[in-house]
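Trainee: Residues in the sequence shown are numbered from 1 upward in steps of one, following full-length UniProt numbering.
Bear in mind the hints are in silico, worked out from the structure with no lab data behind them. Treat the numbers as computed from the prediction; the structure is a model and nothing was measured. A hint or two may mislead.
In silico lysine-lysine, DSS-like type, Cα no more than 30 Å apart, as pairs [claimed, not checked]: (1) K167 x K232; (2) K169 x K99; (3) K94 x K112; (4) K112 x K171; (5) K94 x K171; (6) K112 x K232; (7) K99 x K167; (8) K99 x K112; (9) K169 x K232; (10) K112 x K167; (11) K99 x K232; (12) K232 x K94; (13) K94 x K169; (14) K94 x K167; (15) K112 x K169; (16) K99 x K171.
Each pair of labels, with its calculated beta carbon distance range [said to hold, decoys possible]: (17) P165 x T105: 18 to 24 Å; (18) P223 x V129: 18 to 24 Å; (19) Q134 x L72: 53 to 59 Å; (20) W67 x P227: 39 to 45 Å; (21) V129 x T210: 30 to 36 Å; (22) K169 x S103: 17 to 23 Å; (23) S136 x Q236: 51 to 57 Å; (24) K169 x A70: 45 to 51 Å.
Ideal Cβ placement from N, Cα and C applies to all residues, glycine included.
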Amino acid sequence: MQVPPAPPLRSFTPRGYESATPSPRRYKAAGRPRRARLPSSTRARTRRPGLRAVPLPVGRFLGKMKWVWALLLLAALGSGRAERDCRVSSFRVKENFDKARFSGTWYAMAKKDPEGLFLQDNIVAEFSVDETGQMSATAKGRVRLLNNWDVCADMVGTFTDTEDPAKFKMKYWGVASFLQKGNDDHWIIDTDYDTYAVQYSCRLLNLDGTCADSYSFVFSRDPNGLPPEAQKIVRQRQEELCLARQYRLIVHNGERGAGSREQGASWLFLQGSGFGLWAHVLVKFISSVTQRKQGVLGPNPDPACPDFSPTFSQGSCGCG
1 MQVPPAPPLR SFTPRGYESA TPSPRRYKAA GRPRRARLPS STRARTRRPG LRAVPLPVGR
61 FLGKMKWVWA LLLLAALGSG RAERDCRVSS FRVKENFDKA RFSGTWYAMA KKDPEGLFLQ
121 DNIVAEFSVD ETGQMSATAK GRVRLLNNWD VCADMVGTFT DTEDPAKFKM KYWGVASFLQ
181 KGNDDHWIID TDYDTYAVQY SCRLLNLDGT CADSYSFVFS RDPNGLPPEA QKIVRQRQEE
241 LCLARQYRLI VHNGERGAGS REQGASWLFL QGSGFGLWAH VLVKFISSVT QRKQGVLGPN
301 PDPACPDFSP TFSQGSCGCG
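Throw the hints in and build the complete structure from the sequences for me.
Mentor: Rendered as structure tokens:
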């Protein structure tokens, strides 16, 4: 009896012991073979029809050019500042200034404050020239004391002529003359007499001739503001004074009253500072409280107007 041959042995490989040799790439049965993906460096340099290949170093070049332009801009700004002379003696003033044409009412539109107390808003100045040719001025405005007390003030000043018709020595005084600080320089930097005026005063000079403590006003004949052409001139004069971006707009909200809430109220002279001013404020406050208790002033209908705040004649900035 013939024994049938045994079937061939099939190779058996346990799981986990497959060959590490990768299998050959398989292709789709009915399609084109999958296109191999080229390296990124090769793709970047491959030219396509209708497109222009950009060399790789161009991006770095453009990045460096940005820094070059930035350095050139800084150099230009630095040279502009270096050429500007901020010494007070180099500031130009109005040529052939005419006091008679300058007289009249001026409304303060913007101001650069000095150190210490200064008028805050509703500032109106009245300039006049007497028969002898001497110019004087009165100014009304509101000042804030101790961060929450609004006090209305009237100031009076006279001007002494100098060799330059646009440069004066200005002296303020009032009933409360002990608050007087002294003479200030009062320069008319520019004006057209009918629209705008720029005033400048330096109280203290540095050793290099620049100003350590100054103030400046931008005046307008119209309480509603300056026209665009005048604003351009004013901005240029502010830059020439080295005071660009140092001005604050002045509010004219018409808060002006008539009469006096307290009879015999003395004027506050605001060009000085020190113990005298605070003593004066303290005396006014104590006097107001005393009269309130005695029923002299009566109830205060307006809580925004301090009891001790003096108001003056018709047209002042007082709380009415």
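Trainee: CB of K169 to CB of S103, is that within 17 to 23 Å?
Mentor: 18 Å, holds
Trainee: Is the distance from the Cβ of Q134 to the Cβ of L72 consistent with 53 to 59 Å?
Mentor: 54 Å, holds
Trainee: Are the Cα atoms of K94 and K167 separated by 30 Å or less?
Mentor: Satisfied, since the Cα-Cα distance of roughly 9 Å is no more than 30 Å.
Trainee: Straight-line Cα separation of K169 and K232 no greater than 30 Å?
Mentor: 28 Å, holds
Trainee: Holds or violated: K112 and K169, Cα atoms, limit 30 Å.
Mentor: 19 Å, holds
Trainee: Compare the distance between the alpha carbons of K99 and K167 with 30 Å, and conclude whether the hinted pair is satisfied.
Mentor: 11 Å, holds
Trainee: Between the beta carbons of V129 and T210, is the distance compatible with 30 to 36 Å?
Mentor: Roughly 33 Å apart at Cβ, these two residues keep to the hinted range, so it holds.
Trainee: Range first: 18 to 24 Å. Now tell me if the beta carbons of P165 and T105 are that far apart.
Mentor: Cβ of P165 to Cβ of T105: about 21 Å, so the range 18 to 24 Å holds.
Trainee: Just to be sure I understand the hint, the distance between the Cβ atoms of P223 and V129 should be within 18 to 24 Å; is that true here?
Mentor: Given range 18 to 24 Å: holds, Cβ gap about 23 Å.
Trainee: Given the proposed pairing of K99 with K171, does the C-alpha separation stay at or below 30 Å?
Mentor: Distance ~17 Å between K99 and K171 Cα, so the pair holds.
Trainee: Holds or violated: K94 with K169, Cα cutoff 30 Å?
Mentor: 16 Å, holds
Trainee: Given the hint that K99 pairs with K112, test it: the Cα-Cα distance must not exceed 30 Å.
Mentor: At roughly 23 Å apart (the allowed maximum being 30 Å), K112 and K99 satisfy the hint.
Going through the hint list in order, the structure does not satisfy hint 23, though it satisfies all others.
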